[in-house]
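**Student:** These are the residues of each chain, in order.
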Amino acid sequence: MNSALLIGVVASSVMSGTSLLYATIGEIVGERAGIVNLGLEGIMLIGAATGFAATALTGDAYLGVAAAALAGTAVNLIFAYLVIGRHANQLATGLTLMFFGLGLSALIGRPFLGTLIAGLPKLRLLGLGIMGNPLLSFDVLVYLAVPAAVLVWWLLFRTTWGLGLRAVGENPVAAVAAGLSPSRLQYQALGLAGLLGGIAGAHLSLAVTMTWAEGMTAGRGFIAIALVIFAKWNPLWAIAGALLFGGAESLQLQLQAAGADVSPFIMNMVPYLLTLAVLIAWGWRSQGAAPAALGRNFVGVE
Amino acid sequence: MQRDGAAFWRLLSAQAIGIAVVALIALGAFAALLLAAGKNPLQAYVDTVVYVFGNATGFAELLVRMTPLVFTAVAAALPARIGLINVGGEGQLYMGAWLATAGELALQNHSAFVLLPALTVLGFVGGGLWALLPAILRALRLVNETISTLLLNYLAPLIVSYFIFGPWRSPESSSYPESPAFVDAARLPTLFHSRVHAGLIYALVCLGLYWLALGRTRFGLQMRAIGGNVEAARRLGIPVMSYTLVVMFIAGGVAGLAGMAEVSAIQGRLVAELSPGYGYAGFLVAWLAGTGAGGILVMSFLFAVLGSVGDMLQITQNLPYAVINILMAGILFIVLARRPIGRAVS
Amino acid sequence: MARKLFFLGLILGALTAFFAAAPLSAQQKPPLVVGAIFVGSVNDYGYNRSMKDGLDEMAHAIPGLKLLEAENVPETAESERIMEGMIQQGAKLIFATSFGHQQFAFNLAKTHPDVYFEHAGGWMMSHNFGNFFGATQSAWYPMGVAAGKMTKSNTLGFVVGVPIGYAIGNVNAFEMGARSVNPKAVTRVVVTGGWSDKAKEAAATNALIDQGADVVTMHVDSPATIIQTAESRGVYSIGFQSITAAQLAPKGWITGLGFTWGPFMTGIAKSVIAGTFKPAFVREGLGQMMAIAPFGAAVPPDVRTLVMASADQVEKGFNPFTGPVTDNTGAVRIPAGQSWGGDKMGNFDWYVDGVIGKAK
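The listed protein sequences correspond, in order, to chains A, B and C. FYI, the numbering for the first sequence is 805 to 1106, going by the numbering used here. FYI, the numbering for the second sequence is 7 to 352, going by the numbering used here. FYI, the numbering for the third sequence is 14 to 373, going by the numbering used here.
No wet-lab data here; the hints were simulated from the structure. Quick reminder that beta carbons are idealized off the backbone N, C-alpha and C, glycines included. Where hints are given, some of them may not hold.
Distance windows between CB atoms, simulated [claimed, not checked]:
#1 A:Ala1085 / B:Ala62: 52 to 62 Å
#2 C:Ala311 / A:Ala1044: 38 to 48 Å
#3 A:Asp1065 / B:Ala62: 44 to 54 Å
All chains, full assembly: derive it from the sequences and hints.
**Tutor:** Quick look at the structure:
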């Protein structure tokens, strides 16, 4: 394995894994509060389309990211209202959200199909790339990804807010008894999740491909949901997971370029097989990694 | 018995009116949205109604579209009755198609009397096995079936792609990756000189069996017991684990039949893009229908109509087909918002 | 009860309104209604764009012609549905522009003997079904010439969407063209597995550049992502499918291949109107259905001359696939004295010497 291949794989994995990381930590926040959002794919698509549209209209990619974050938050709050306010079934609502995102993003993105944008500029840390290699310079979202994961970890595990949120996810009745308001915390969690999901989508359209195409997330939202379990609902583990998955995705392309004989389809299976293997291993060892009240709608105390 | 019948019809008609109202509200809101975007949805709606109901071809298309939805809806509804969540219809469909294709390639030289039943069985088994894996994982308390079925949805199309690019690549069109065309004996027959095919009969039979099994057999009774209260059912001596495995296998098998019908009747070969989300749509159909057989029939029909509206919107109004998802999601959102608290659904 | 009646009335009223709205659109009868389906979006600077441009040219040439279009039509039974819908709307000529639409268009040709079909890239024919495409393989030879002259690293990169025979043939002609002016040139190939997966295309391009490629080209539906990625990494690019892609890479654009479907499509439409449609298997190359894109600013005049000379030779009938031709494992695939003609272009499952990659 020559050094060009190695650097190429690293750079590629980082680019690939960034949007996965944002989406995963967002979903972790939501699930820690007890709500699983199968519609993450839809949120990411809306983020990608909105971000692209805003960038195409204003010429400013950073504005695009902001727009994507806002759009993701807004749409996720619709989901939040249905699931928290109306006690709708989380899975069905999530899947509906996925379809909604597919359609809405197509509508938003349509006038901008084929528009050329400059995308998020690649920044160089301190004037050099990482380790002095110009290939390893990325856009701001990449640099902020790991700090974001650490921030979310800190929020969840080192603040009172996070403590309350996790309490709601484990045992909402006890949380109420402790004086917390589960619905308020869940709304906040889902708002944050939507923000992060929107950013995840924006990275795809504004940095990785610099274009918009219908359905361009290609299942990344679902991979993120699996990654949450892979990471045992811990944002720090999510970093490793996102890198691993981003790597698997890009490794096979890099290997092809280097002339190795790999079947793209077999290689593409690796991330999913890996997740499954890890899930089975986790299940074997520890039963109680998930928030206890995940997926159940809290209806209130008598 | 008679009292049950009357109550049943009242319930069904109340549900139907409720859904119709919701649909109309959503259609109206959607039309407003499109008008704001400068399009003419009313024309599209009219065109659709005319095409779909006033036209044999259009109606046939509706039935063709409806067929896989009935399959995948049953595939989601059946496990739901014992509290399992199967969102793996997509993958099970692909694996059913895959195994059926394997059978076709191996048994090509036989007559239709051998091929068609064989392919049907293989389609069922292919999907069934694909659902069995998550079932085992769930029964062993290792992995939640929601996630495992979801993940397997991604593996299945990759497996299919691997085969049609590799070992099953058609030599006659080496210019394009797909399996060789199915021999005529392996194709499900069509009905009434239209595109409606025998798969529809399969689907209706599955639906009928579903309704029958749940309502009229001991198997169904025990299933409903598990669905009501797992612990109590266990204490009654019902082998919950066996039911988990069997029910998931059957559910996967039904979805696998959808795949078999797709390759045998519609596509005529194994191709990479078999399903535009039938599995997920079926799950939503089942959920909307409250997992009742009659509801599944009505809902899959409605979804098929929505699909036709989408086609019309695209052809006449120059809108991307995906936009119909907004309409569908809108209807679903409204339904989801209206469900009363505490009502037992799935 | 009153509430139920109220709702029922509302429903009936809405239905009446819908039906009343129908006669609002009375239209003049056009000379021809043409339907066209695209596998992707027409704003792709690529294949679909070229089809759309051709159709627009046809519509322009025949006043009053009505064009029904549907984008993002998958290569599945869905396409049959869409085409059927267009026929119901009065279409008498259907262009099925992507390979995978073939079977479904053919099915409809059987059930609608009075509607005419033209399919791009396949081989099926019947009395109302014709087939057309550009003869792309030889046309890639001049592209190879351009790349061979412009490269400094002697490594060229080729992103392939789906490794079908025709695409592999394109890669082969490209490499052969490069070799003819630069014996040291090699081509690395990366397959993304789909005609249009933008994220993979970007990663594939980066992978090729990481391995040293300084000229990148492609056979995917839309060259946009690949060209943009190449431009952002500062390498040259050669476009394919549509000649409008030059604007994507102001610095790195060398040239490209594009399709010019307009004249052919106009001819077909006119023949349908006149009732003289004849099904045919049409493959036209440079000068007819294919054209070379304008050169980029970075291309020096001597290279331009060389490329145009090569293109001229191809137009006059030069076939790069004339033996002896060896594959990249050393085996002789086309013996001396033989050559592979247009009918064999779909049969490639091997790469020529100089291409780094596996075709199977």
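**Student:** Would you mind marking each hint as holding or not holding in the structure?
**Tutor:** Hint check:
no., hint, result
1, A:Ala1085 / B:Ala62: 52 to 62 Å, "56 Å, holds"
2, C:Ala311 / A:Ala1044: 38 to 48 Å, "43 Å, holds"
3, A:Asp1065 / B:Ala62: 44 to 54 Å, "52 Å, holds"
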